[in-house]
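Spelled out from the first residue to the last, the chains are:
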Amino acid sequence: MANMTLTKTPMPEQDPKVRARNFQEVALGYTEEMAKEEAGRCLNCKNPKCVEGCPVNVRIPEFIKKVAEGDFKAAYEIITSTNALPALSGRVCPQETQCESKCVRGIKGEPVAIGRLERFVADWYRENVNAMPEKVPSNGKKVAVVGSGPAGLTAASDLAKKGYEVSIFEALHTAGGVLVYGIPEFRLPKSIVANEVKKLEAQGVKVMTNMVIGRVLTIDELFEMGYQAVFVGSGAGLPMFMHIPGESLKGVLSANEYLTRTNLMKAYDPDSDTPVIKSKAVAVVGGGNVAMDGARCAMRLGAEHVYIVYRRGEAEMPARKEEQHHAKEEGIEFKTLCNPVEILGDEDGRVCGIKCIRMELGEPDASGRRRPVEVPGSEFVLDVDTVIMALGTSPNPLIRSTTPGLDTNKKGCLIVNENEMTTREGVFAGGDAVTGAATVILAMGAGKKGAAAIDAYLSK
Amino acid sequence: MKNCFDKCSKRIYNEYNEIEWAENACPISNVMDILLKDGCVMYKIVRKKELNDAVTLMEIEAPFVAKKAKAGQFIIFRIDEQSERVPLTIAGYDREKGTVTIIFQKVGFSTKALGALNEGDYIRDFVGPLGKPTDVEGKKRVCVVGGGVGCAIALPAAVAFKEAGAEVDVIIGFRTKDIVILEDEFRACSDHLYLMTDDGSYGEKGFGTVKLQALLESGVQYDEVLAIGPVPMMKFVSKTTEPFGVHTVVSLNPIMVDGTGMCGGCRVTVGGETKFACVDGPEFDGHKVDYAELMSRNGIYREREAEVAKDHVCRMEAMGKALIK
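Protein chains in written order, with our numbering: chain A, 1298 to 1757; chain B, 290 to 614.
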C-alpha cells in the first residue's frame, strides 16, 4: 500500500541563520528511512508521465521502486542507464517544472520528491560503493569534446560507454565548467563534480585542462589530430550589461566574475590568493538562478544587506521557487518591480549606490510575461557598495570566429540540425553554446543527444 | 628548507607531511614527482634571468602555447592550487624548443611569488595564447613605443613588424639607466632605435613622447604607432599622435579572471562601446580608449591585495614552523 501522505517527506536543511554565513551545503539529503518513506508515495503508474518530463528520460518509477525496497544499488544502476550525472541533476534540476510537474500525486497534494530521491541514490552510491566504471574496449574511433560542463561530461560519458576514445578539452584549469565556476559550493559541492570527472577518467576519457579551443587548437586541428567527430559544449559566453551610467565603476561586476572568483578561485577560503570585493551592501540585478547564487554568495561573504533587484514581479522570476525561498530565508531582500537606471559612484570611482525606478506590469510581451513599464517619478536610491549584474550572457566568439563554415544565428549561438550537427560536417554541438543560457539538465540532455548523433554518424 | 615552502601549495604540503624524508633530500623535487605521478601536467621553468632588480625573464616549457603564440597575445599563469590567475603578455617563444618567454615586473603578490621560483621548478597552469595577435600586415613604416617593462612585450611586436617587411622605428623609455632592458634585442630588430631615460642617465634625456613628437614634427610618416607600457604612457602617446592623425594602437592590461571570454572583468570602454580585452583585444585603437576608467578599474583590488600579501607571509611561516617541528 502506497504512502498516501499529501506532502513530500521534508528535506533536512542547515538552519538559514547559520548557513547564510557558511559555504557548506544547504540541503543535507535524506536518510535511508526518509528515502524509503518518500519512495512509498510513488504509485508506480503504468504510463509514467514523469519520465516524459525528464530531458534525459530517467526511468523514474523503476528506480523509486528499488528505493522503496531498500535496494539502492539497483536504483543507482537504473538511473545511470540514462543519466550519467545523477548527483548533479538531483541537486540542480528544476524538477518542479519537469518530472515532478507531471506526477499524478501532484494533482492532489505535493508530487513525489523525485529530485530528492535521485540525489539520495547518487549520494548513497558514492558514499557506500563508488565503484569506478570500467573502460569499455575501444572501437578505435576518436572523438573530441570541447568543454567539460554538463553537456560535455554527459556526451563524453555516453560516448565512452560505447567504446569511443574520448578527449575532453577544457579551457579553465579545473574540469566541470559551470558546475565548478558558477554553481556555488553550498548548492553543489565541488568534490561531487570532481568525483564524476574521476569516473569519466576511469572509463578512459582523457581530460585536458588549459585547452582553449579556438586559440590553443582550432576545430580543424582537432580533425587533423585524428578526431573523427567533435562535440562543442563550450557553454555560455560573455556577460551582458545594462549600458546604464556608472557600470564601469569599481564594485560593478558580472555575476560570472563574482561567482568565478568565489567558487572556482575559492575567494571565500582565506588561503586563496584571489581577491573578491568585501561588500557591506550588495545589489544583484536579475531574477534568474544565477542572480540567486550571486546574492547568496554575497551574504555568505559577509554582506549586511543583499538585494535582488528585478524589473518584473516575483511570480515572473525565472529562478527556481526553491532558490527564491532559500534566498529569502537567508535574509536576502527582494526589490521586485524595480529597474536600475544609474549606478552612483564616490569621488574615488567606487560604487556608493544604485538608483532604481519602480515598475508596474503592463500587457504580456513576446515571452508571454507581462511587460514591465516604468512608473514616472518613482526613482529611489539603494545604498550599496557592490552591484552584481546577472542579466545573462551572449555566446563566446572564440570557436565561431576560428572555425570556417560554422554558422551561428543572429545572437551568435551555434546552429544545429535535428541531429545536433552544426553546419560543419562532423562537428556537433549542444548546451548553452546552442541554446543561449539555459539549465544544467537541458545541457545534459543535449550532451546525450549529441553523443547518440555522433555514434550514428560514425557508425555509418 | 624554508625556500621550498615558498613554492608549496597546500596540497603539496599535506602530502609532504605523510612522507618520511631522507637526509638532505630535496623536498621540492620529491613533491613535484608526487604531483607528476598523479598525472598533473605542470609547466617547467627552463630558464630564469633577472633583467634588473624588479624585472625577471622566465622561459616556460609549454609546447601547445609555443606552437601558436604570436606577438601581442597573452598567457595566464597560476602558480599553485591556491593562486590567482594572472595574465601576462607573451615576450617571446621558441616553437622548436616548445617554450614561451615571459618578462614580468615583481609588483603584485603573484608576480613576486613567481619571481621567487627558480629554473627547474614547475608552475601549475600556463594557458594561452589568448587574445588577438598584433596586426602587422601591410604596413610600410611603423613606430613601436615601449615604456619600462612594457618593452618586454613591445619587442616581439617590433620583431613581427620587421618580419612582415615594415621599416621599424623603436622608442624605448626608462626611468633611469639601471633599469634599461633588452637594448641589444631592440637594436637587432629596428631600423632606428631611440633610447630615452627620464633622468638622462643613459641614451637621450626625456620621455618617449618627446622623441615621438619630434619625429612626427620632422615629417616622418608612420602607418601605425604601437604603444605598450604603463597606462599613462599609452595615453600620452595617443595624445601625441592624435593631431598628426596617425593610427595608434595600445596594448591594454586590465584585471582578468578567466581570460577566455567569460567573466567580463576585463571590460574596457573603447569609442563608447564595451569591449572585452581577453577576446576583443588586448590591442585597441589608442585614440578611442577611456584611459581614466581603465586606470580606476585597475585599482579595484589594491587594498585587498596588500592584505593577501600580509596573510601569505603568515601562512608560509606557519608551514615552516610545522615542518621544523
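Wrong hints could be hidden among the right ones.
What the hints assert, rightly or not - Derived contacts from chain B toward chain A, CB cut-off under 8 angstroms, selection only:
no.: 1; residue: GLN394
no.: 2; residue: VAL396
no.: 3; residue: GLN502
no.: 4; residue: GLU506
no.: 5; residue: LYS528
no.: 6; residue: SER585
no.: 7; residue: ARG586
As the list claims (entries may be wrong) - In silico DSBU-like pairs for lysine-lysine, Cα to Cα no more than 35 angstroms straight-line:
no.: 8; chain 1: B; residue 1: LYS333; chain 2: A; residue 2: LYS1503
no.: 9; chain 1: B; residue 1: LYS428; chain 2: A; residue 2: LYS1495
no.: 10; chain 1: A; residue 1: LYS1708; chain 2: B; residue 2: LYS359
no.: 11; chain 1: B; residue 1: LYS466; chain 2: B; residue 2: LYS577
no.: 12; chain 1: B; residue 1: LYS524; chain 2: A; residue 2: LYS1652
no.: 13; chain 1: A; residue 1: LYS1439; chain 2: A; residue 2: LYS1503
no.: 14; chain 1: A; residue 1: LYS1708; chain 2: B; residue 2: LYS357
no.: 15; chain 1: A; residue 1: LYS1503; chain 2: B; residue 2: LYS359
Calculated directly from the structure, the hints in this document are not laboratory data.
Note that the Cβ used here is the ideal one computed from N, Cα and C, for glycine as well.
Report task. Taking the numbered hints from earlier one at a time, note which ones the structure violates and give those numbers from smallest to largest. Result -> 1, 2, 3, 4, 5 and 9
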